[in-house]
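S.K.: If you read the sequences in order, they're chains Y and W. Using this note's numbering, read the first sequence as starting at 1 and increasing by one per residue. Using this note's numbering, read the second sequence as starting at 1 and increasing by one per residue.
Read the hints as simulated data drawn from the structure, not as lab findings. Hints are not guaranteed to be accurate.
Here's a subset of chain Y near chain W, in silico, CB distances under 8 Å, partners left out [as the list claims (entries may be wrong)]:
#1 Met25
#2 Thr27
#3 Asp34
#4 Ser75
#5 Asp80
The structure displayed is predicted, hence computed values, not measured ones. Virtual Cβ for every residue (Gly too), placed ideally from N, Cα, C.
These are the residues of each chain, in order.
Protein chains: 2
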Amino acid sequence: MSQAMTQEDKLGKLREIVKAVDICMLTTTDERGDLHSRPMSNNGDIEFDGDLWFFTYGSSHKVDEVGRVPKVNASFADTDAQQYASLTGRAEVVRDRAKIEELWKPQLRAWFPEGIETPDIALLKVTVERAEYWDSSQSIVAHAVSLISSLVAGKPAQLGENERIDLK
Amino acid sequence: MSQAMTQEDKLGKLREIVKAVDICMLTTTDERGDLHSRPMSNNGDIEFDGDLWFFTYGSSHKVDEVGRVPKVNASFADTDAQQYASLTGRAEVVRDRAKIEELWKPQLRAWFPEGIETPDIALLKVTVERAEYWDSSQSIVAHAVSLISSLVAGKPAQLGENERIDLK
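With the rest of the complex left out, here is chain Y:
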């Protein structure tokens, strides 16, 4: 791990992982206080700047959940490339028409059949406050355990990178 990495270097690496993986597991808290997650596409966003945007329906269960407990985690995992990222933030529903138009992609029509006119279409915005990532050129085994090592011992991974980034 290079100690000389700047905040911009780190954000660049984080952006690279978010771009490459795209489909994250978004963890929310349900009405029982249980944590559960589901795969969500980051909508092909390759210019990650600290906010994640997901298309959703305003009446969906996860929208109820983040209304009660806005704190969420989005994890990006690529076990082949041995790259992982944890993004901690707050989720909110956004119904801004201009933003929906800006982020809309034609292939979304398969799930939002009336396009941006689909009733109840909305965006889930996650404002990321903190992020960590793990990146290793080691074998899967070495990398996996280097992660355990770095986290357990509370020190930087010695066999890979583990960078914490404060985004706000």
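With chain Y held as given, fit chain W onto it using these hints.
M.R.: This is chain W only, laid out in the frame that chain Y set:
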């Protein structure tokens, strides 16, 4: 999605995903109530029966966290194979010597240099109460959105599988 899948079929599929991915993102709640996650190896456990076991140090930060808030989520994602699983459960620290010996693998010595004699070595056990998985033979794009569709609409995915399993 087959409606005729038995609980055992579903558990078999879930076990297949857990085995194939092995490295999950374990989400815990920190002292501020923020959710964060980190990659953890399920220790090559191929006989997943509802419990996940991770080697750790008893003094690690995540052990503190689950001591305060035991509810956790373990997400398994394979974006290439388009398989995803969300496991909701409760974590606890286990220091049982017999269990540590049972699960110990020689390659762990790189991170626990004194082997099972390493001071403070412990296990993090997650008792999984509920699980969901997503499995699709569709393209990445179709799959990603089929997930959104199934979750948003509160009905089974039409372009893939989304099975919920109550393990307890």
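S.K.: Each of the hints needs a verdict: does it hold here or not?
M.R.: Structure-based check of all given hints:
Look at methionine 25 of chain Y: its Cβ gets to within about 4 Å of chain W, closer than 8 Å, so that hint holds up. Taking 8 Å as the C-beta contact cut-off toward chain W, the hint placing threonine 27 of chain Y at the interface holds, the least distance being around 5 Å. Satisfaction of the interface hint for aspartate 34 of chain Y is found here, the shortest Cβ-Cβ separation to chain W being roughly 5 Å, below the 8 Å cut-off. Checking serine 75 of chain Y against chain W by beta carbon gives a least distance of about 4 Å; that is within 8 Å, so the hint holds.
For aspartate 80 of chain Y, the suggested interface contact is upheld, since its CB lies about 6 Å from the closest CB of chain W, less than 8 Å.
Of the numbered hints given earlier, the model fails none.
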